[in-house]
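Keeping their order, the protein sequence lines are chains Z and F. Take the first sequence: its position 65, counting from 1, is numbered 65 in the working numbering, and each next residue is one higher. Take the second sequence: its position 123, counting from 1, is numbered 123 in the working numbering, and each next residue is one higher.
Calculated from the structure, these hints are not laboratory results. Ideal Cβ placement from N, Cα and C applies to all residues, glycine included. Errors might be hidden in some of the hints.
Unchecked claim - Coverage of chain Z stretches by chain F, computed from C-beta distances (three or more under 8 Å per stretch; other residues unrestricted): (1) 26-33; (2) 37-50; (3) 244-258.
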Amino acid sequence: MNRHLISAADLSRDDAVLILDTAAELASVAGRPIKKLPTLRGRTVVNLFYEDSTRTRTSFEAAAKRLSADVINFSAKGSSVAKGESLKDTALTLEAMGSDAIVIRHPASGAPRRLADWVSGRVINAGDGTHEHPTQALLDAFTMRQRLGGADQRGKGLDGIRVTIVGDVLHSRVARSNVLLLDTLGAEVTVVAPPTLMPYAVETWPCKAGYDLDAELRKTDVVMMLRVQQERMSAAFFPTVREYRRRYGLDTGRMALLPEHAIVMHPGPMNRGVEIAAEVADSPRSTIVAQVTNGVTVRMAVLYLMLGGAGEEIA
Amino acid sequence: MCAMRPEPGHEPGAGPEPGDNGPGNLDRLDHPIVGHPGASQQDWKAVLTPEEIRRALSRIAHEILERTHGGEGIVLLGIPTRGVYLARRLSARIGEFEGAPAPVGSLDVTMHRDDLRLRPARALQRTEVPAAGVDGKTVVLVDDVLFSGRTVRAALDALNDLGRPRSVQLAVLVDRGHRELPIRADYVGKNLPTAHREAVRVLLAEIDGEDSVLLGERAA
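Go ahead and model the full structure; you've got the sequences and the hints to work with.
What follows is the structure, encoded as structure tokens:
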């Protein structure tokens with residue numbers, strides 16, 4: 001494993017499979033009377049969040065606490081950032097307080113990469129602008145392996161699994177990380193989006209691209225619906241929400257096109273009635289709740305593998 | 001941590017490396033340890049034969065039954081990697097003697113080790129506890145070699161998180177001495193006096209292709 005986890009492209013296939021295998025073993029911890037392991041006792045994890053987030057921050061917090069690490073939550077609101085402190089100064093301040101790892105979410109793409117140059121601890125990207133969100137991709141891959149694979153998945157990737165990622169690919173860090181990681185793991189990925197929300201150089205991505213959702217749905221094992229990110233849209237990318245829903249939303253009619261075994265994923269938070277219909281989100285095919293559960297397990301695996309072993313002083 | 005527990009994915013028996021053996025050592029090429037790239041060029045002496053391992057496990061199975069009054073409420077938990085296979089063999093042996101095999105599982109102690117920070121993070125092994133759990137049971141921990149006692153200490157901590165057994169006992173195939181903690185085994189296959197610089201390796205047919213206990217010099 002690399003020192004930092006900034007991009008899903010940082011992970012080799014072996015790294016990714018090791019994380020998924022570790023997560024599979026850690027999943028049993030959630031079912032125990034004592035949901036805690038002593039492994040990261042004495043380590044400090046800082047959650048440095050410059051953007052609103054519920055599930056990612058609490059997920060990282062739960063993961064760190066289950067491994068007995070100390071957690072410092074830092075959100076830009078109500079902090080010195082509001083007084084104009086720079087990212088660098090904030091990071092150095094937090095590091096001076098003895099943090100071993102910084103989990104960062106930032107609206108600017110590339111902020112975690114910059115941060116990694118300034119601090120001596122580990123940096124984990126929890127979402128930077130429209131760039132990447134690697135732990136989300138890991139938990140999605142874990143969920144796919146769990147739901148579509150056989151009994152013993154140890155050591156296996158996602159070879160031959162067909163994944164269709166639908167919606168606002170342009171603004172989606174989840175899509176970008178997923179495409180990179182799923183390709184590493186051997187899955188065949190297709191992105192489907194309105195032409196206005198398709199990234200410019202999508203042909204350089206390790207995936208196929210298409211505009212016809214119905215055609216893709218018939219031959220996919222996984223359909224991943226992306227959130228329509230109103231907050232990142234500075235222009236009109238589609239005429240109306242109704243038109244978007246009619247062409248790219250997943251309703252019960254479209255869900256019927258999917259093969260029998262296919263699953264429906266969504267990274268959350270959902271816009272019910274926009275990209276996904278409520279009946280679809282609540283159907284047995286939906287893995288949305290499982291994704292949240294798996295998020296804690298996968299982040300435990302990442303924290304353990306990055307912080308659990310020898311630090312720089314020995315390695 | 002002692003040198004006798006090979007890492008996962010780094011098992012002996014991976015096959016001889018061409019060019020690893022000098023002339024005159026051709027008879028060693030087939031040997032699962034000597035041909036392994038991680039093993040140094042040295043003589044390994046077999047201290048337990050397959051027959052002796054079989055008899056030792058039968059005796060331990062009898063002793064467990066005797067001490068627990070017919071194996072009432074026991075759970076065998078093997079410590080990965082080789083302890084798990086030994087636990088399964090003991091369970092089967094108990095089944096032969098008493099008609100019903102003892103419940104058996106595995107207990108990974110990695111997350112509870114005290115030497116985690118001395119090495120890079122390692123892969124986790126499986127923890128599988130029989131459906132009835134460990135609460136109120138007599139848990140027999142099973143491992144291949146008892147050395148410093150640190151693995152067993154970690155196992156006791158790991159067990160503590162799984163429930164509250166009525167009692168915990170320890171069965172090992174080889175006790176090689178040099179304890180660093182106040183821990184002793186209840187059932188021992190063979191007491192093997194060793195020097196600190198020596199290494200003990202247990203080979204089991206399930207993963208190594210043959211049963212054997214070997215004694216040699218620890219790789220520097």
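Here is how each hint holds up against the structure:
{"no.": "1", "hint": "26-33", "in the structure": "holds (count 4)"}
{"no.": "2", "hint": "37-50", "in the structure": "holds (count 3)"}
{"no.": "3", "hint": "244-258", "in the structure": "violated (count 0)"}
When each numbered hint is compared with the structure, a violation occurs for hint 3 only.
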